[in-house]
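Assemble the whole structure, with the sequences as input and the hints as a guide.
Sequence order for the protein chains is A and B.
Sequential numbering from 1 applies to the first sequence in the working numbering.
Sequential numbering from 328 applies to the second sequence in the working numbering.
Don't take each hint at face value.
Keeping only pairs whose Cα atoms sit at most 25 angstroms apart, straight-line, the calculated SDA-like set for lysine to any residue is [unchecked claim]:
| # | chain 1 | residue 1 | chain 2 | residue 2 |
| --- | --- | --- | --- | --- |
| 1 | B | K336 | B | K370 |
| 2 | A | K123 | B | R519 |
| 3 | A | K28 | B | M412 |
| 4 | A | K262 | A | V159 |
Note that these hints are calculated values from the structure, not bench results.
2 protein chains.
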Amino acid sequence: MHTIKDIQKLISEEILKEISLLNESAPKNLYQPIAYTLAMGGKRLRPVMVLLACNLFTDQIEKAIPAAVAIEAFHNFTLLHDDIMDEADVRRNCATVHKKYNRNIAILSGDAMSIMAYRYLQKSETADLGSMFSLFSQTALEVCEGQQLDMDFETVMDVSIPEYLNMIRLKTAVLLACSLKMGALAANAPERIADLLYAFGINLGIAFQLQDDLLDVFADQKKFGKKIGGDIVSNKKTFLLLKALELSAPDTKKELLEWIDKKEFDAPEKIKAFRRIYTNLNIKEITINSIEEFYQSAINIWNEIDLGLDTKSELLQLAHTIMDRDH
Amino acid sequence: MHTIKDIQKLISEEILKEISLLNESAPKNLYQPIAYTLAMGGKRLRPVMVLLACNLFTDQIEKAIPAAVAIEAFHNFTLLHDDIMDEADVRRNCATVHKKYNRNIAILSGDAMSIMAYRYLQKSETADLGSMFSLFSQTALEVCEGQQLDMDFETVMDVSIPEYLNMIRLKTAVLLACSLKMGALAANAPERIADLLYAFGINLGIAFQLQDDLLDVFADQKKFGKKIGGDIVSNKKTFLLLKALELSAPDTKKELLEWIDKKEFDAPEKIKAFRRIYTNLNIKEITINSIEEFYQSAINIWNEIDLGLDTKSELLQLAHTIMDRDH
Chain A
1 MHTIKDIQKL ISEEILKEIS LLNESAPKNL YQPIAYTLAM GGKRLRPVMV
51 LLACNLFTDQ IEKAIPAAVA IEAFHNFTLL HDDIMDEADV RRNCATVHKK
101 YNRNIAILSG DAMSIMAYRY LQKSETADLG SMFSLFSQTA LEVCEGQQLD
151 MDFETVMDVS IPEYLNMIRL KTAVLLACSL KMGALAANAP ERIADLLYAF
201 GINLGIAFQL QDDLLDVFAD QKKFGKKIGG DIVSNKKTFL LLKALELSAP
251 DTKKELLEWI DKKEFDAPEK IKAFRRIYTN LNIKEITINS IEEFYQSAIN
301 IWNEIDLGLD TKSELLQLAH TIMDRDH
Chain B
328 MHTIKDIQKL ISEEILKEIS LLNESAPKNL YQPIAYTLAM GGKRLRPVMV
378 LLACNLFTDQ IEKAIPAAVA IEAFHNFTLL HDDIMDEADV RRNCATVHKK
428 YNRNIAILSG DAMSIMAYRY LQKSETADLG SMFSLFSQTA LEVCEGQQLD
478 MDFETVMDVS IPEYLNMIRL KTAVLLACSL KMGALAANAP ERIADLLYAF
528 GINLGIAFQL QDDLLDVFAD QKKFGKKIGG DIVSNKKTFL LLKALELSAP
578 DTKKELLEWI DKKEFDAPEK IKAFRRIYTN LNIKEITINS IEEFYQSAIN
628 IWNEIDLGLD TKSELLQLAH TIMDRDH
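Here it is in structure tokens:
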């Protein structure tokens, strides 16, 4: 069995190889932005999940490397195009592609990157390539649906909690779930277990996103990578805001909506006001309960996977790690 | 054997069915722009080529419908994103997607459209789906390369004719060639013949694009769909302009470059000046010769395909038709 650390090293090396190839490819204005995007790094969470899932069934995890690279390429493609749509200047302390190059190059290199994801996937030496392609396309389309819903939510105030959960399922959870199932498919695992891993990934992914929403407001700034309150400043419709709008009495709701409407404001003051309202409405505890609910659902599904405890401990360890940042 | 007209009708009906499904899909802001783009129409040249190529080998052309729809979806996706990059407001007399909706919706629905192309392709009931996927991804990536080269050429003056021919091969010809080979693969045709059809498509595609360059300058406005001189006004580096820059004496070259540098000018005057220079340099005849050369290469390859004359006449008829608009 491979450790998380081993697997992170393996996938980093594989991605470095791809980056070298990309840097030698022409036209440079097409392939260098792709190499640049892949080189930005991040935690490589999704490809690690592919390989850990594969490793539940076989030690020959190299079988799952093409799928792992494919999913990382697809994920980075979505970040590249999302950054254009959000007009974000910085990602992971680097200039975004449309800032470093230009918008047209960012659109086109993103397009090429999504096609390359299919090419990586096709390198899989698996009997059932058809299932892998189906899962990949279905997931990719759902991620687009999630992104569109997220954009739609920017202009409507009455987003319900079930609508919000559906959006984060599509935008975030399905790709984590797909990563796990892809690893299982690469190992020719039984369909029933592949599907359980998928369901585990969905619940873990929703818990993960809700925790992200929570940390934006209540994280310890010293431990938290991003600036606290970013979602509040940008009026992002998070679980916390939607829950607060749902539970607040008319005058508090009015106060929230007034803050949201303001074009000019003092950011720390707005963050302070939101935190006060959230605290009065018990939003932190409600969100933690919801996170625990989805996380517990994930663990319950996990326990249905009867593969013997020690063969699944690394993946479960990863789940603990990503959920245990701070709260 | 099916006629071109039958096949056009068949593919139009299939695409209409897909448009209906798309119009019922949610989120609406993701799927309606895709339906809108597909409904804009055009000649459906590429899917017709898929089905005609399939029909060289079998009368059961329904086998090739998924591939035909996939290629039409991919082609329309490239138009959608190209229109954002070119900031084009109108296509086929309709508002472009980024004008009718907005830029972010255009980026994202294009992304989804390219994924849907893979989903359509996967519906093919062919033994060798792997080959179809390889061909499709390879082609799609080459189309991106061609588009990037085309954008790169905007800012350099010394583009050679071989560099230009390589760009139009990638941007235009490979998708026509892929359409023909895809039809052959859907029919389980022998690899040698599928490859000959591909090579036929490359040469036909280059001839087709060179003719497009020629018609922009020397078409009969009554028969020509677009406005004459558009490439001249926008300084597009066409075969004609590059050849003129190559062949012109220093003072004529200086005149061309001065026109290209001018930010403000009278369009009819610029078009007139270019036509005069082109006529003096024999550019029309040189371009026609080059078109004939590629077209003749296509026909020579065609003649190597030993399937018996009447089984290939409809596709050859289409080649004649698309090359015979005006000159």
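Hint-by-hint comparison with the structure:
1. B/K336 to B/K370: holds (11 angstroms)
2. A/K123 to B/R519: Distance ~24 angstroms between A/K123 and B/R519 Cα, so the pair holds.
3. A/K28 to B/M412: Distance of about 18 angstroms is within 25 angstroms: holds.
4. A/K262 to A/V159: holds (20 angstroms)
The structure agrees with every numbered hint stated previously.
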